[in-house]
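When you get a sec, could you build the whole thing from the sequences and use the hints?
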Amino acid sequence: MWRLNKARHKARHKAGQQGGNLDELRLKRRENERALRQARRDRQLVSKRLLLNEDEEQPDVSMDTAPGGHDIVSLLHKLQHTGTEKEAHLKALSKVLRDPAAQLTFIKHENSMHLLVGLLTGSNAQCRLQAVRCLHELSHSSHTNVAPACLPATPYLLTYLSGPSTKFTELCLYTLGNMCPDSNVVREKLLAQGIIPALASCIENQRHTLAVVEAAAFTLSQLLQARDAPEKIIPIVLKSTLPSRLLSVLTPDPQFGLAPAIECAWCLHYLICSTDDNKELLAQGALSQCSSLLVSLGGAVTEGNKEDGIELLIWPLLRCVGNILSSCPEEDLNAQLTDAHLPASLCALVQAYLHTLPALARETVWVLNNLTAHSTEFCSALLTLNLVPGLIQLLPFSQGINTMILRILANIAHKKKEFCVQLMQLGLLSALCATLKMADQEMVIQSLDILFMMTVSSPVVAEEFVRQDGLSLLEVLQYNGAAEMRQRSTYLLEKHLLSYQQHITVDNMPDP
Amino acid sequence: MLQPEALQLRTEGRDEQQERRLSESEDGNNPFSFTPQIIRLHKDHELFEDGDIHRHMYLQDLYISEAEDKPALSVSEFACHISGCSAVFSALEEYEHHYNALHRHVCCSCRRSLPSARLLDIHIQEWHDSLFTILAQKQDMYQCLVEGCGQTFRTNKHRKDHLIRIHKYPPDFRFDKTKKERGRRETKRREQKDAAMEVVDDVCESEGVCEVMCNSPSDEPEGGESMETHECEEKASTEDVLAAAQDTESTAPRKPQYSYRIPNTVCFGHGSVRGFRGRRGRRK
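Heads up: the sequence lines are chains V and R, in that order. Here the first sequence is numbered in the UniProt record's numbering, starting from 1 and rising by one per residue. Here the second sequence is numbered in the UniProt record's numbering, starting from 1 and rising by one per residue.
These aren't lab readings, by the way, just hints derived from the structure by calculation. Please read these numbers as outputs of a predicted model, since none were measured by experiment. Don't take each hint at face value.
[As the list claims (entries may be wrong)] Here are the simulated DSS-like pairs of lysine-lysine, each with C-alpha atoms no more than 27 Å apart in a straight line:
| hint | chain 1 | residue 1 | chain 2 | residue 2 |
| --- | --- | --- | --- | --- |
| 1 | R | LYS43 | V | LYS232 |
| 2 | V | LYS95 | V | LYS28 |
| 3 | V | LYS91 | V | LYS108 |
| 4 | V | LYS279 | R | LYS43 |
| 5 | R | LYS43 | V | LYS239 |
| 6 | V | LYS232 | V | LYS279 |
| 7 | R | LYS43 | V | LYS189 |
| 8 | V | LYS167 | V | LYS91 |
| 9 | V | LYS239 | V | LYS189 |
If you want it as structure tokens, here you go:
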């Protein structure tokens, strides 16, 4: 994966070369992470990609050239007036445009874009390449008014998407992708200029050039994340051939790596979570493909084949499966989900990532909940595949993991009384005796809910609960501050467990 | 719970008996509300935050494969759910310890916590049972506190002597805390104060042996009678348990977050399932 390799080299390179220690790097990463989290909270989470030159290893802005101003003007002047060496000037310009200040200077300069577009569409292939490189640098700007300034170039960029040159196409794509998040106006223009069909045919025609596929999917993902995407963009995308194209590229190529699949998976996630009704995608096999892929990835992870960045692909796939399940009617579930290994793979993923990426583990158990909610078959599978003990062992872990696990166990208990007995045999009652003592109110209430279902199911379960001294736990809860706890525990005691008391003496006879 | 019509629609694969049981339980008072449901999460849901950040770190070339700072996996805490007790624990054993020490053998009438079921029984009998008082005038009703001894005595004092002479209880044992708190205990009972402290006081008050031996009803403050408290195994274990309980209770006890007090008529403890220990006859 060229991205990941580059990142690792950068870290080592920086550490070695500049004498900067890894601590500084770590600090910088943490700062960046904090900024990203804040941006997400503000619904402004945007990232752009910079395609580096072949000779570059890292996108350092440490230029030898003096800050932008004069260079831009002089370069533009040279470009306008010299016949030869345009290519060299353009190359120099692209290097200068790495600097944010220079970018602003450029767009303020009259006719600069016009000049660039002229070179972009000229007869000199090398000039076209360098011109698009300049545009690419501009597109990467964090100033939101730079992208609109590049709009004159977009019709041509779109046209070039069906061209033969890989590098050139990649640059066009990433440039367009970088421009998408910056403004409504840009997106509207791009949509009007046909970016969706252009992307669709690009992926179709270049499906064997995985670098281009990756770039196209990235660009699409930028469009799909826009705030107005559900109304303006997603309907168009769903009507196009893009969904099936994305699905067809989903399986990673062993040689090229995970990158194109990652981009496609994120696109699918944005598509699926934006609409309530995903019948189209279901019909195209989205659920079966995503789940099969999850199974094979889960298998790889379990075997220790944790390829670098594999979770970057697992994550969006989980979300696709989790959300698309809500569009899948119960009766179709088995037809759609052909891979019976899914429950086991999901449980394996939870165990694999519990300590390293708890958020991923949490999303995995969310998917398990959606899988088991309305399906007796999958509930049964969890029992017969002996996956339940592993889930019960996860009950200590908070922040959304144990509450979701209780949901899954409740889903199982809800289906059949035999399941309740089996759950009892697997130790759920003693686990509940512990969860009933937790500080988290939701855990206690959910535990009471499961307990109700289980004790109602069979006298065997009720007796066992009493035998484990569960009644005293319920008594305590009868006088808890929260009404939900009081009502449930009182109801359980009075209606169901009363008859299972083992020591009733005259003194202790309950009042009628 | 699912409405009956909805139940019918979902009979596929569901056990008929389970349904019947569930629907039988569906009266208006049934507070249980769990139904399995598929949870949809939209793009900006907070559950998705970490994954999104991970993705964008990768896009911005900030990804590294080895996690530098391992994100903390948090573990649920345990809390004592007895109204008024705000103790929180990080381990289940601590909770059990706390509960067993402070809440298990509690007398309904005077709220004292006794170290064992047997001592609770004896306490209730000797302190709160009028019949006992009557019978004790004519027969030996005071049991020896040492399990298995079986001897009975006419008065409290006789028993005390027996414990010292035969069972070697040290005569000079003093349980100072108890002595100090005694006068204040009644006034403090209704005050809104640190729940943890309140509970501890109760126990200090009530290390079963000395109370039982002194034979004073709860409403009379203990006067001059020395807490000639005598050590016994139970007492020692109470002390240990107390110490442990004090250690494990959170150092910054929270104020009770709810004011739902347990009525005095209700009592928890071994064997008191739906009965009320120490009270004969009906509760109001």
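Do the hints match the structure? See the list:
Taking the CA atoms of LYS43(R) and LYS232(V), the gap is about 16 Å. The hint holds against a cut of 27 Å. Between LYS95(V) and LYS28(V) the alpha-carbon distance is near 25 Å, which keeps this suggested pair within the 27 Å criterion. Of the pairs offered as hints, the one joining LYS91(V) and LYS108(V) holds, with about 20 Å between alpha carbons and a cut-off of 27 Å not exceeded. Distance restraint check for LYS279(V) and LYS43(R): the Cα-Cα separation of roughly 19 Å lies within the 27 Å cut-off, and the hinted pair is therefore satisfied.
Simply put, LYS43(R) and LYS239(V) have alpha-carbon atoms about 21 Å apart, close enough for the 27 Å limit, and the pair holds. Among the hinted pairs, LYS232(V) with LYS279(V) is consistent with the structure: their alpha-carbon atoms are about 19 Å apart, no more than 27 Å. The straight-line distance between the Cα atoms of LYS43(R) and LYS189(V) is roughly 25 Å, inside the 27 Å bound, and the hint therefore holds. A distance of roughly 15 Å separates the Cα atoms of LYS167(V) and LYS91(V); the hinted pair therefore holds under the 27 Å criterion.
A C-alpha spacing of about 19 Å is found between LYS239(V) and LYS189(V), which places the hinted pair at or below 27 Å, so the restraint holds.
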